[in-house]
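Participant: Turn these sequences into a full structure, and let the hints guide you.
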Amino acid sequence: MTGIRLTAPAPGWSIDADVVVVGSGVAGLTTALRCASAGLATVVVTKARLDDGSTRWAQGGIAAAIGEGDTPEQHLDDTLVAGAGLCDEAAVRTLVTEGPGAVNRLIGTGARFDTTEAGALALTREGGHHRRRIAHAGGDATGAEVSRALVGAVRSAALRTIENALVLDLLTDAEGRTTGVTLHVMGEGQHDGVGAVRAPAVVLATGGMGQVFSATTNPPVSTGDGVALALRAGAEVSDLEFVQFHPTVLFLGAGAEGQQPLVSEAVRGEGAHLVDASGTRFMLGQHELAELAPRDIVAKAITRQMRLTGTENMYLDARHFGAEMWARRFPTILAACRAHGIDPVTEPVPVAPAAHYASGGVRTDLWGRTTVPGLYACGETACTGVHGANRLASNSLLEGLVFAERIAADIVAAGPQERGPEPAPERADGQDPAPAPVPLLAAESRTAVQRIMTRGAGVIRSASSLAEAAERLEALGRTASASGTDAEGAAKDAVPGVEAWEATNLLLVSQVLVAAAREREETRGCHWREDRPDRDDTAWRRHLVVRTGPDGRPVVSRTRDAAFPPVRPGAPADPAGPTDLPNHPAEAPQEPQP
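Read in order, the letters of the sequence shown are residues 3 to 596 in the numbering used here.
Simulated from the structure, these hints should not be mistaken for laboratory data.
A virtual CB, placed ideally from N, CA and C, is assigned to each residue, including glycine.
Any given hint could be a false lead.
What the hints assert, rightly or not - Cβ pair distances, simulated, as ranges: (1) 117 <-> 160: 25 to 33 angstroms; (2) 120 <-> 282: 47 to 55 angstroms; (3) 69 <-> 43: 36 to 44 angstroms; (4) 322 <-> 87: 49 to 57 angstroms; (5) 321 <-> 477: 42 to 50 angstroms; (6) 69 <-> 114: 12 to 20 angstroms; (7) 321 <-> 178: 38 to 46 angstroms.
Facilitator: Pasting the structure below:
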């Protein structure tokens with residue numbers, strides 16, 4: 003344990019449960035439903051409304067080997083290629099073999115996917131896939147349908163939920179085992195102010211951290227809260243340098259900030275072409291799959307072509323689809339484009355890369371267990387080893403489904419656990435010794451963090467850009483130690499509250515991302531170092547594992563090869579399923595560069 007926590011009031015109320023699930027996307031709600039169906043007292047905590055997370059924004063679909071002639075082995079091969087040598091094959095094999103059954107169970111929960119006239123699932127292709135294996139719903143509204151089905155199931159099951167609640171920190175006992183979480187309920191939540199949910203099992207399914215960048219496809223709530231909480235609790239994170247920039251995000255101008263509309267890869271899967279302003283298809287000859295190459299390759303190609311032509315965007319040309327196909331297959335994208343004055347039926351759509359998905363996160367084993375006993379992570383918050391250096395398109399919803407079911411199975415197998423005695427009133431959070439509070443950034447510092455990260459750690463990185471980002475983030479943190487800062491760095495008091503906690507979380511995950519990106523001196527997957535343009539398997543086919551030191555700074559270590567060490571060395575394997583990942587101890591921790 004680090005002994006580091008956010009500055010916040012002591013909990014003024016608490017409730018007890020067997021399991022608390024933080025997050026209400028596909029990963030969180032699947033876990034909660036499975037735990038509750040086994041009779042465990044389960045509480046779902048979510049930052050906004052139940053259906054306001056990242057899952058609802060997923061357009062493309064869910065990848066699984068469910069089509070005629072497709073096999074899990076072929077899905078595995080495509081995933082490994084996209085992951086650029088850093089996928090954990092055991093994790094990928096788990097994903098692709100258990101994936102078809104998980105999709106069928108999701109359909110049994112009530113999700114309605116698009117079908118052919120013959121009644122079979124309608125499948126499409128996306129980047130990196132050699133077969134049509136993407137199941138979709140509502141044309142391009144898969145996430146919304148998945149969210150609708152799961153939220154409906156949660157409400158039908160009468161699960162206890164706490165909406166509009168920001169999770170703050172993990173509670174632990176004297177041995178460092180999880181005992182629950184603290185949280186702040188705002189707005190229309192069921193409780194007022196800071197409280198606690200006391201449970202021996204905590205599942206982090208808080209989604210991504212795309213809001214560390216100025217322009218992202220992620221919703222405003224994606225501020226890396228789960229990763230930040232895990233780091234403060236002493237958990238290890240891995241592969242955080244691998245942030246996937248989606249190549250085709252609707253370009254709204256060079257100064258556009260915040261959540262940007264996504265133009266799904268499925269548009270290219272159905273035959274759209276990437277072109278420059280002159281109409282030239284620049285992906286031809288760059289990869290055997292052309293526009294359907296893995297996302298890192300397409301994003302790099304777009305960026306190179308923008309540099310070559312001196313422009314700020316490229317174009318996606320799908321005029322040949324016609325009005326009927328656009329309206330039937332991609333109604334959400336069509337509406338978004340037209341809302342911004344662009345009609346894809348009659349003109350090419352301007353696109354540019356934007357931050358989309360964190361391939362790394364809180365390090366877990368094949369059962370979602372982290373390095374902190376009792377703490378689990380699932381979905382985009384987690385690093386299971388499935389994605390490696392670059393996520394294969396539409397594997398994210400599938401990962402959430404498969405590993406959520408495995409987490410629930412592990413928790414259920416352990417059975418109800420003792421929650422221990424109520425903490426003394428003067429130590430309402432149950433922690434001993436008292437943790438050191440983290441100085442808070444002022445809410446206005448969120449913009450400063452985003453601009454630093456976009457400039458120094460965006461699509462293209464270098465030693466100098468990353469060093470500058472690290473220095474500016476450090477300066478922002480030092481100023482916060484005194485009183486907080488505004489967006490321009492001027493001193494300003496930071497008052498504990500949602501905006502300050504989010505800004506502080508963004509700073510922490512940004513510092514860890516930059517530390518890892520500085521350490522990895524190569525180009526691999528979606529980590530593009532222009533000063534180190536080549537992939538170096540000899541030196542860098544390994545993972546970077548990061549934890550937070552007692553001083554709050556990231557401490558980076560390298561694994562000896564592409565396999566992860568077990569989350570708890572020496573722990574016995576679960577006899578009900580696969581053993582923990584192979585034992586390859588990490589090298590001695592290396593202090594981050596000054």
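Participant: With reference to the structure, classify each hint as holding or not holding.
Facilitator: Evaluation of the provided hints:
1. Between residue 117 and residue 160 the Cβ separation comes to about 31 angstroms, which falls inside the hinted range of 25 to 33 angstroms.
2. Under the hint 47 to 55 angstroms, the C-beta atoms of residue 120 and residue 282, about 39 angstroms apart, miss the expected range.
3. In this structure the hint that residue 69 and residue 43 lie 36 to 44 angstroms apart at CB holds, the actual value being about 40 angstroms.
4. A hinted range of 49 to 57 angstroms for the beta carbons of residue 322 and residue 87 is inconsistent with their spacing of about 37 angstroms.
5. The beta-carbon spacing between residue 321 and residue 477, approximately 49 angstroms, falls within the hinted interval of 42 to 50 angstroms.
6. Under the hint 12 to 20 angstroms, the C-beta atoms of residue 69 and residue 114, about 18 angstroms apart, fit the expected range.
7. Evaluation of the 38 to 46 angstroms hint for residue 321 and residue 178 yields a failure: the beta carbon distance comes to about 59 angstroms.
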